[in-house]
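Undergrad: Spelled out, the chains give:
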Amino acid sequence: MIKFLPLVVRNVARNKIRSLFTCLSIAVSLFLVVMLYSFLTVQDEMTVASRVYNRLIVMNVQGLAGNVPIAYVDRIRKLDGVRSATSFSWFGGKYRDEKIVFGQFGVDPQSVADVYEDYVVPPDQLQAFQADRTGCVVGALLAKNKGWSIGDKVPLKGDIYPVNLELTVRGIYDGSSSIDREMLWFHFDYLDESLKAARSTMAGNAGIVVLRAKSAEAMNRLTEDIELAFASSDAPVKALTEKQFQAEFMSYMGDVRAFIRYTSIAIVIALLCVAANTMAMALRERTREIALFKAIGFSQANVLSLFLGEAVVIGALGGVVGCLGAKLLFATVDFSKMLPGLGWLYVPWSTALAGVALAASIGLVSGVVPAWRAAHLSVLEGLRKVV
Amino acid sequence: MSEHADAVVALLNVSKEFMRDKIRIPVLSNTTLHIPRGDFVAVMGPSGSGKSTLLNLCAGLDRPTTGEVIVNGQNLGDLSEAGLSRWRSENLGFIFQSYNLMPVLTAQENVELPLLLTPLRRAERRKHAAAALAIVGLEDRADHYPRQLSGGQEQRVAIARALANDPVLLLADEPTGNLDAASAQDVLDLLVQLNDHYGTTIIMVTHDPKAARRAKRLLHLEKGDFVQADIDALEAAR
Amino acid sequence: MVPLKYNLRSLRARKVGSLMTVLGVGMVVWASIFAFGLYAGLEHTLTVSVNPLDVIVLRQGSTAETASAVSESAARDILALPGIATDAEGRPLAAPELVAIGYLPRRDADGNTNVTVRGVVPASAALRDGLTIVEGRNFTPGVREAIVSRALSERFKGLKLGESFKVQDAMFQVVGYFQAHGAAAESEIWTDQRVLGQVTNRTGSVSAVQLRAASADDRQRLIQRITADEQIGLKAITEKEYFAEQAEQSQFLRIIGQIIAFFLTIGAMFAVANTMYGAVASRAREIGTLRALGFGRASVLASFLFESLVLCLLGAIVGCLGALALGDIRTGTMGGAFTEVVFAFNFGPRVLLSGALLAIAMGLLGGLAPAVRAVRMRVVNALREV
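For the protein sequence lines, the chains are A, B and C, in the order given.
700 is the number of the first residue of the first sequence in the numbering used here; add one for each residue after it.
16 is the number of the first residue of the second sequence in the numbering used here; add one for each residue after it.
74 is the number of the first residue of the third sequence in the numbering used here; add one for each residue after it.
What the hints contain is simulated information worked out from the structure, not anything from laboratory work.
Backbone N, C-alpha and C define an ideal beta-carbon position, used for all residues, glycine too.
A few of these clues could be false.
[Said to hold, decoys possible] Cβ pair distances, simulated, as ranges:
1) A/Ile964 / C/Asn211: 39 to 45 Å
2) C/Phe325 / A/Arg832: 29 to 35 Å
3) C/Gln246 / A/Ser914: 25 to 31 Å
4) A/Ala946 / C/Asn211: 34 to 40 Å
5) A/Ile995 / B/His212: 52 to 58 Å
6) C/Asp183 / A/Ile964: 22 to 28 Å
7) B/Asp204 / C/Arg449: 54 to 60 Å
8) A/Asp1033 / C/Asp183: 34 to 40 Å
9) C/Val445 / B/Glu83: 17 to 23 Å
10) C/Arg267 / A/Ala946: 32 to 38 Å
11) C/Gln246 / A/Asp779: 40 to 46 Å
Put together the whole structure using the sequences plus the hints.
TA: Below you can see the structure in the form of structure tokens.
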């Protein structure tokens, strides 16, 4: 088999434009597939990566739109097995004229760094944030996109809330690519006091509470304890792991996962047609030559593997260009400006390599019929045929 | 000069060289040739002597390195690429060794093809095409595709196509080269008949002495120049 | 012009190659239409049957009803404003409505999702053109009853006719299905405004006031008058603007659709180019003959571009039919304020046309290089080619 490789490579290089175009067609399409699938895999990866921090999310049994009184934060902190806890109140304000809202959360500045230990804020910046009631900490990606640096003013116009916030960037957090680096944290108290001053009934709502348990074992117990502790209150709550929370959040997004799958299937079918056409054209051109191969003693299996090899090489080449290209592109170019809210997107190795394997398989499958026909070509007919 | 004015084809001091891998290959060197109206010339000569080049120059498919080609009073060097296309469609008929019919078109449609370049209406085109097919004796095969015809029939369709636009000059490149003796005879009969009845000027490149015999005169291409030759002398020399 | 049937028959002669290309292009068009249809469906839901005279009054600074509050006294004042259209009985077409958020278990998947629960008054239905009860009956005022759209009842547990669901601690019974031509109202549960206010402890204020102006001039006057009154801190915008803003929140769906279509079109272009290169290469002699017969370069170029275009338009037809065959698929996504918006994919003329335009782009751009090659082929060589 291996000794055929030079011949296979030469055949691929024979009609350079055709091979190139087929590769490019596969490459461009798989670039897209890999990008779409990364959307799914990265989300899974994020939840897996965060598991070590033993975080639980406490929210109203009525879901995200429900109310969690701010007093709950202190009560949760006192529960056995809780290491730290913070409010995490979605503000949803408008920044300048931007239509798309980024994540702005009212947090407890004393606890948030411990709860989110993987979101690293330099100690001096953290102190500055804690000391300034109107200060905020922003994710590194967000800061880059908006061109913010420390000391910059960030005015947020209330949308859900009837108040505006005048924030100052005091710190920038960063971390691995599996964390969300597009959030803004500000003092919950600043929001709450503004609401009270405006005599809004919306004051006192922590939104959700994020807590960090002392250990993984403590988490299961805590889930029950928390739900029990507030069961008979005005605002009963439930505690979710980050994974459960993610799943719940995904369900808000609707059937996105299914749609990505359908689209990918359509692309794969399209590529099968494209690659099969290429191989069929190659076969038609080389009818005489294949007959000649067989005349000089190549077996059916030999001819079959020659053609399948060619199909796989073309597919895999396209896959390598498209998938590794996607990997490389996302690693070097920052798309968060073009894809608001998707700044966390990157291409994991597993997805890129799966894409290459998929491309090679597309090549293989597309080659089956043409290769089979080549293998079963009658020598006499083939030699006679002038195409 | 009178000879010149009367000629359908005039090659004036024409040279043609090809470059192959940086080597100059002269094919025609300073040739002058006149072919009068109503002539039927057979052109013979060894392979590579420039027979096909002559046809290509007359058709404006190729341009001479130096010299002028004047066909039916038109200096081809004066025409642009687009002008040449138009000119060809109005003045020329072409017959190839391998027929070159469109496999996806029927006999009738193949014959109609050059008429699409004329202002003729659809019904007139049909009539012309049918008439041309009738001349070649294939009116009953109008709806057949080339693959459903024999080689001889295909070549006759090709002749009908060449006739359809009533050309001044008919260029035939080995028209009998792919045919058996009987079919070749039919095709040659047709060419002679066209020349006799309609006065169509024909230049026919051929290898076949039997074909050459049917022409009014024979030109032999030697060392880049044309020599008036006699077929019997040529045969004898072999 | 080279006759078109020459190209059509040539395509037929290369059956397998043409078919593969048509299928490939078809799948690409299908995937693009699918992606476009998602956003178009959402947009359609948010804009369909929005009457240009309709105005919504919200708290100053909020873009969604769920985050808005209008005091009952202010609402009463608004209802008394001149310029509001009236119904047959002379009552103003204006409705103070209360929006609450329900949290219902999904039927098709695990977990719960937020659903808009709208407390309405009799004028509400009249303000949604074409809203009709299609099964069961309307809710009885003062009773914990509700009506929903059939689409919503299929997505959430407890919303089928006769079933019950919970809003905060109160149980409501579904007594009827309504339909509203796929408009946003079909993503909502409707119940009596007063009942909802009691259940959610929100008496004394409503979320927003919907109203219909008597004329375009009245509409402008009403908007100016309400917004100008700084005392009450309200803003009035046309319903059209309101929903446009809501659609804006789902821009990313449109962007993703465009990205998908962009990449796939480029991929398909290469595939089409391949097919056409093959066609040009195998028909070199025919091209040479055409040129020898006197067909000009432009004719040959146009001829091959046409062939490429036909391939892609056939693909577009396959793609469009494939999309239409999906029928009425419904889905949901998070709309403004985290509540579910239920909508059907929209494979309307505009979406299908954009699919066809993509196919035309594939055909022209993919066919261009091969067609140019056909034109540049030296006739003399092409004629010799075996």
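Undergrad: State for each hint whether it applies.
TA: Now the hints, each set against the structure:
1. A/Ile964 / C/Asn211: 39 to 45 Å: 44 Å, holds
2. C/Phe325 / A/Arg832: 29 to 35 Å: At roughly 34 Å between Cβ atoms, A/Arg832 and C/Phe325 fall inside 29 to 35 Å, so the hint holds.
3. C/Gln246 / A/Ser914: 25 to 31 Å: Check failed, 46 Å falls outside 25 to 31 Å.
4. A/Ala946 / C/Asn211: 34 to 40 Å: With Cβ atoms ~37 Å apart, the hint holds.
5. A/Ile995 / B/His212: 52 to 58 Å: Hint holds: Cβ distance 56 Å, inside 52 to 58 Å.
6. C/Asp183 / A/Ile964: 22 to 28 Å: 24 Å, holds
7. B/Asp204 / C/Arg449: 54 to 60 Å: 39 Å, violated
8. A/Asp1033 / C/Asp183: 34 to 40 Å: 35 Å Cβ-Cβ, so the 34 to 40 Å window holds.
9. C/Val445 / B/Glu83: 17 to 23 Å: 31 Å, violated
10. C/Arg267 / A/Ala946: 32 to 38 Å: 37 Å, holds
11. C/Gln246 / A/Asp779: 40 to 46 Å: Holds: the Cβ-Cβ distance is about 42 Å, inside 40 to 46 Å.
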